[in-house]
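Number of protein chains: 2
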Amino acid sequence: MAPSAVSAAQLGLAEELADAAGAVIRPYFRQKIAVDDKADASPVTIADREAEQAMRALIEARFPADGIFGEEFGSVRADSEWVWVLDPIDGTKSFISGIPLFGTLIALLHRGRPVLGIIDQPISHERWRGVAGRQSTHNGEPIRARPCPDLAAASLFATAPDMFRGADADAFARLKSRVKLTRHGGDCYAYGLVASGFIDCVVEASLKPYDYCAMVAIIEGAGGVFTDWQGQPLGLGSDGRVLAAGDRRVHAAALTLLAG
Amino acid sequence: MAPSAVSAAQLGLAEELADAAGAVIRPYFRQKIAVDDKADASPVTIADREAEQAMRALIEARFPADGIFGEEFGSVRADSEWVWVLDPIDGTKSFISGIPLFGTLIALLHRGRPVLGIIDQPISHERWRGVAGRQSTHNGEPIRARPCPDLAAASLFATAPDMFRGADADAFARLKSRVKLTRHGGDCYAYGLVASGFIDCVVEASLKPYDYCAMVAIIEGAGGVFTDWQGQPLGLGSDGRVLAAGDRRVHAAALTLLAG
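Residue numbers (the numbering used here), protein chains in the order written: chain C, 723 to 982; chain Y, 723 to 982.
Chain C on its own, in the form it takes in the complex (with noise of 0.2 Å):
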């Protein structure tokens, strides 16, 4: 088998969620609309759930038998060959705030490995795109993560410090003491940075797989390492802490600090 399965036909309809999501979210950014609490006390808006429910739609439509594991609307045919890995606002925060730094996050998945990826922007209008074995684009032009020789020269990224609880905190703490500068609040467009080659790390703890799987083929198309704490290959199983590094030394280097 070629380094990706992904057919044109896949590839097509990643490219026409994003454009749907992005439809869908656009008329609502910075109006008055309503936001709810969910279960686990974060912000949900009318935007999140109708640019999910456009995305699915289409899944339904062009590939019945694929599955669907989504943000807002949960999980269809989680067994399946394919299955399709949705956050249609990542950083709902971010947006209800009107800060354009959210994103739409498209993930396919082939027998459990992330081999498609897309981060979409729709208010700057960037899309950062990872196909497995191919080289990963923003806005269609190839991009490369920059290389950085080790943690002193390392710009690290997290949204939110308090996404680090007890043991996970202290790790956070261990690496950020090491790096020349940390900032927080990137959501997913601090990782389309570290594919781009303009920033050298991102750390993040307590993620769900809607919120990594996508940058999966991008960073690695742009010659990146993603990972999670343990170095182990990102999945639907792990466990919600992972790191992203453009320069496979600084990878290695945050690996370790991490790890105690």
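Calculated directly from the structure, the hints in this document are not laboratory data. No experiment lies behind these values; they were computed from the predicted model shown. None of the hints are false.
Covered stretches of chain Y, as calculated for chain C (at least 3 residues, CB under 8 Å):
hint, segment
1, 809 to 820
2, 874 to 885
Here are the computed lysine-lysine pairs in the DSS-like style, where the Cα-Cα straight-line distance is at most 30 Å:
hint, chain 1, residue 1, chain 2, residue 2
3, Y, Lys930, C, Lys815
4, C, Lys898, Y, Lys898
5, Y, Lys754, C, Lys898
6, Y, Lys902, C, Lys815
7, C, Lys930, C, Lys902
8, C, Lys930, C, Lys898
9, C, Lys930, Y, Lys898
10, C, Lys898, Y, Lys902
11, C, Lys902, Y, Lys754
12, Y, Lys815, C, Lys902
13, Y, Lys760, C, Lys902
14, C, Lys815, C, Lys754
15, Y, Lys754, Y, Lys815
16, Y, Lys930, Y, Lys760
17, Y, Lys760, C, Lys898
18, Y, Lys902, Y, Lys815
19, C, Lys902, Y, Lys930
20, C, Lys760, Y, Lys898
21, Y, Lys898, C, Lys902
Residues on chain C that point at chain Y, a partial pick, calculated with CB under 10 Å:
hint, residue
22, Asp759
23, Lys815
24, Ser816
25, Ser877
26, Lys902
27, Leu903
28, His906
29, Gly908
30, Ser918
Yeah, the Cβ is synthetic: ideal placement off N, Cα and C, and Gly gets one too.
Based on these hints, arrange chain Y on the given structure of chain C.
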């Protein structure tokens, strides 16, 4: 004297300064440019320096008697009746990471009181403008801060948790424990979104006058409140602790919590 002593010529120059800074900054965004460390370990680039030089040259040509206080090149004629306070790139860490939330900040002070302010984001082409006694605008459209009855319903932004040290960190933690949602990473953009009615509160510390003077007229002209942590008006002599809120009930409650 009218509420605002700002002349059409001064307002025109302020807009020209923002245009000039943006023209300098845009070509450097997401380019591989050198990042130098300043004495305080904060980063600076050729884009910061050239943007401030462009603005200073325009002021010197048009209003040679006015004072200028800029982040990168210091102060001249500080005792003038009118003083321009400039931050060519507020959020240089965002700028060098490829994140379009940084901004050019331009303030005009009349006898020490900020009477004109601009926040300009040159990548998303967004400009907030405030003039004492007039309604603030975002890209020319009038804006209003939103009502928020109490802290429990409020969103709180601060660029970085590390900006709070010692007792300031305790004060921020008290406030954070009482709001609905806390986010980091906003830079000047978060203040613009308070004026536009999408964020309720920004609390920061360790700031310099060029980090906050531009926001005074913008927040006040949108119906919000922007003071130091004692509730006093902001100016060149403030201590770098600031509190912006869209609703004065949130401002009052936050002041009390910050005081301990």
